[in-house]
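Asker: Residues per chain are reported as follows:
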Amino acid sequence: MPHGACKVTQVNVASIANLTVKYGNFTALDRLTVDIPEGCIGLLGPNGAGKTTLLKTLLGFVEPASGSGTVLGQDVHTGGRYIRQRVGLMPEQDCHIPGMSAVSFVAYAGELAGMPAGQALRRAHEVLEYCGLGEARYRNVETYSTGMRQRIKLAQALVHGPKLLLLDEPTNGLDPAGRVSMLELIRSISHGKEVSVLVSSHLLPDIEKVCDQVVVLMGGHLKATGFIKDFKKIEGHPVDVELREPSAQFVNALAIAGARLIHSNSTTYRIQMPGTPDEVLVKVMGVAKGCNVQIRGFQVAERSLEDAFLEVLEPGKPPMPEVARG
Amino acid sequence: MASTPIADLSYRNYDGQLEAPTFRWWVVAKMSMRMAIKKRGFWVWSCISAYWYLILGAIYYFVDVLGQQSAGQVNFIFASTVWKDKFLDAFSISQMLLFIVALLIGVGTIANDNRANALLVYLSKPCTKADYLIGKWVAIFLLLLAVTAVPALLFYAYCFMSFRQYGFVTQDPAFFWKLLCILPIPAALHASLCLGISSLFKQGRLAGATYAAVYFLTLSFTKAMQVIIVINWVDEMPRQARRHAVNAASHAPELVQSLFYGSVDGIQIGLAKVILGTNGTPMFPGNGSPPIPHAPNGLVFGAIYLMVCALSILVAWTRVRAVEVVTS
Amino acid sequence: MIKLEGVSRWYGQVIGLNDVTCEIGPGLTALLGMNGAGKSTMMRIITGQIKPTTGNVQIFGMEPFANPEVYRHIGYCPEIDNFYEHKSGREFVTYLARLSGFSAAEARSRTDMVLEKVGMADRADRKIAGYSKGMRQRIKLAQAMIHEPDIILLDEPLNGLDPVGRRQFINLLAELADAGKTIVVSSHILYEVEQMTRSLLLLHRGRLLATGDLRVIRSLIDKHPHQVRIDTDEPRRAAELLAALPNVVSFRFTPGGEALELEVREPDSFYDALPDLVMNKGLKVHGFTSPDNNLESVFKYLVDA
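Chains as they are written, first to last, in the working numbering: chain A, 1 to 326; chain B, 1001 to 1328; chain C, 2001 to 2305.
Only chain A is shown next, with the shape it has when bound in the complex (with noise of 0.2 Å):
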């Protein structure tokens, strides 16, 4: 797996050292020690590795036993308040004030962070408008549905304009319009506008569409690090070639033409060949002809970010097919 040798320019907004953090005598984090970049940066790991208590000693509320770290230049153990002034947490569960509007909500987040009265209301206005909330912004936290409370934990994370921005599972709960748009939000604001987002989420496809980079994490120990694009490349660029109908005659003509078939699914074949994309094509091209059927799509074969991750998890276990069983 790919791991320093981007780094070498990158600046980096936390260093973890060695930090050991036990929770009575179970240990969430076991000598951790990672870099966190610039840049929009996806945090996984299974259930248990320790992802939300990373989250929490980022933001210097969790004791270590031992080690050291850094956020923004200040040291977790001693800069706890300073680090929260300037970094924003979205939380993966619900929580609001009770018995405020949410422009009420936010503008108090914001008073709180350290914003002067005046400053935070203006300011909850124009988050509360960035994300989405009209007329809503106005009524009771409490009468909101999934998506809105959504949105109210992201608007009150942004409100002190934190230069570093945590987010658990930030589309938890919301229907698939309400996730793409929030997806939208996370991604404008992580790139062109100085601020570095980490983003933990178990929905892999998720942190593809926002995150260049992703750091893994399991049982409490760095798994990996790296650029997303390194994830997903495939050793010796095999092709998907997707046809109408599938074809045992097909799969046998190209296996005469010099393909290796890695695997098949319904419609849809693996195959490596020498040569580049446009000369595999004009190759299988030809066989498809011979066998009179319909080539329906040609892809450089990817792997998902879903397939890596179980693969950095699991090494050894052969990745599902993509596309479900007809």
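One or more hints might be untrue.
[To be verified] Covered stretches of chain A (chain B as the covering partner; in silico rule of three or more C-beta atoms under 8 Å from a C-beta of chain B):
| no. | segment |
| --- | --- |
| 1 | 88-95 |
| 2 | 106-119 |
| 3 | 189-199 |
[Stated by the list, open to error] Here are the computed lysine-lysine pairs in the DSSO-like style, where the Cα-Cα straight-line distance is at most 27 Å:
| no. | chain 1 | residue 1 | chain 2 | residue 2 |
| --- | --- | --- | --- | --- |
| 4 | A | K232 | C | K2284 |
| 5 | C | K2281 | A | K283 |
| 6 | B | K1202 | C | K2127 |
| 7 | B | K1202 | C | K2087 |
| 8 | C | K2284 | A | K283 |
| 9 | C | K2133 | B | K1202 |
| 10 | B | K1129 | B | K1202 |
| 11 | C | K2127 | A | K22 |
| 12 | A | K229 | C | K2284 |
| 13 | A | K22 | C | K2133 |
| 14 | A | K233 | C | K2284 |
| 15 | A | K289 | C | K2281 |
| 16 | B | K1129 | A | K22 |
| 17 | C | K2300 | A | K209 |
| 18 | C | K2133 | A | K209 |
| 19 | B | K1129 | A | K163 |
| 20 | C | K2133 | A | K223 |
Worth flagging that the hints you see were computed from the coordinates, not collected in a lab.
Glycine included, C-beta positions come from ideal geometry on N, C-alpha and C.
With chain A held as given, fit chains B and C onto it using these hints.
Answerer: Just chains B and C now, with coordinates in the frame of chain A:
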């Protein structure tokens, strides 16, 4: 920036002023107070809690006016008034109403926050658990202090201006300072108890019910003590003597007399009596009224008061949990 | 197996389902829709918790409402998260097995088997209060499967599971579907649903919007003709060559100049003509695909319309 005709309304970062991330408690306190003041019940019950001052003020005003008409006579009612006992009476009478105000504004705070998981929001900002608790405590304290102090000080000003000739100031020169000392007592006790009880629950209503239970159970306990004292008095004195007794001291056992002050109300009233240095006078002075238990031991009750406050705050401190742990 | 005919259900003035007629047979079917579209109402009607206000619903020819005969054939894995927290997972599942009518011994053996299948065999003896979300989901599935029903309904079953857990769950459901059971899964996470099945039931504001195979539905959406994206270094030359085809409706050049996106009315004729361009006219193509032939796009087109 204003050179393009169409403004860029995409996300803008905030690079403005940020105050130093300390003393966030005042922000918490301000917001809690703002939310409490919005409740109509708060205003209604606060005004009602001052009713005894209003009644006294009305009575004295009319007596004063009427008394002046019979020219020159020193008004005998005022002559026999122990002024600080009037304040003590008003203080005692307003206790239950103060309790209702505390119930309205104080006891639901942390419980509602627990239900809404608000602590996560507070702690992700530069606000520590101490800030949170201090802010909540100060909010309840300041509001209750205002509710207690404003009518008392207004009444004081009225008496100061009108009744100096009846010995208002000379009866006890240090009275003003003693008054200032007793005014924060209910506020501090209710603030601490509210925080402690509120932190134990996830629903404001349950916390309120528990607080009410504590209050009324201890109150009925002291009423029971009062009954014992009266029975004791009735037993001891023959009927004839009773009718002529004026401000008789009670001969009930010391313990019963002390336990009379063993309630949420009682502690406050007891401490007030100690600070003011008086045992209080019966409401309707004259012959035949049952004795009032004398003021309790100041040091003991002072210590109990402080312990109750500290214990409640400690409960709140431990129950408000910063981090929830789920082991896999 | 599940038949709904003209089923409507309203709550006061709020409409839950509006005149829904459909049939759900063996295999895995996805029940999709925005929040409030009527998915939970439909599940509740099928599991017999509420009656339709009009219309009728039949499970194996019987009405499900308050009908224990039908309950034997249905397993339900709801979205809500309420358990007897003080019990352990094993106790909970055994208890529900007993409720289904099994003897104590049989309940215990079935519990063991089903816990093994959902991957909770080693952790089932801890109290439910300490379980993570993923573990709770597995217990829910276990109790839905324990009486080996022919129909299993699952409401957001993959919520809270990490990718490893999700794969296991999906495999398990696929196994059950292959064995001939009727599985209905309701979920918002479209890419996961896509991995499980192509057969879907789409609800919108209480009405049935679409039912059947994903590909078939896609081809029937007239408003959005079939889209093709051709990755090539010469998008304009490709456009020139393709413009001659009568069924091409529109071209779009991507901003980076690395691809050509077009819409065609009759995909077959297009895909038959493309090899000629590549092989004979020498058009260099790295790849081509139909970018909106997936569940997310179909969902968007149908719901937005």
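Asker: Which hint numbers does the structure go against, in order from smallest to largest?
Answerer: Violated hints: none; all satisfied.
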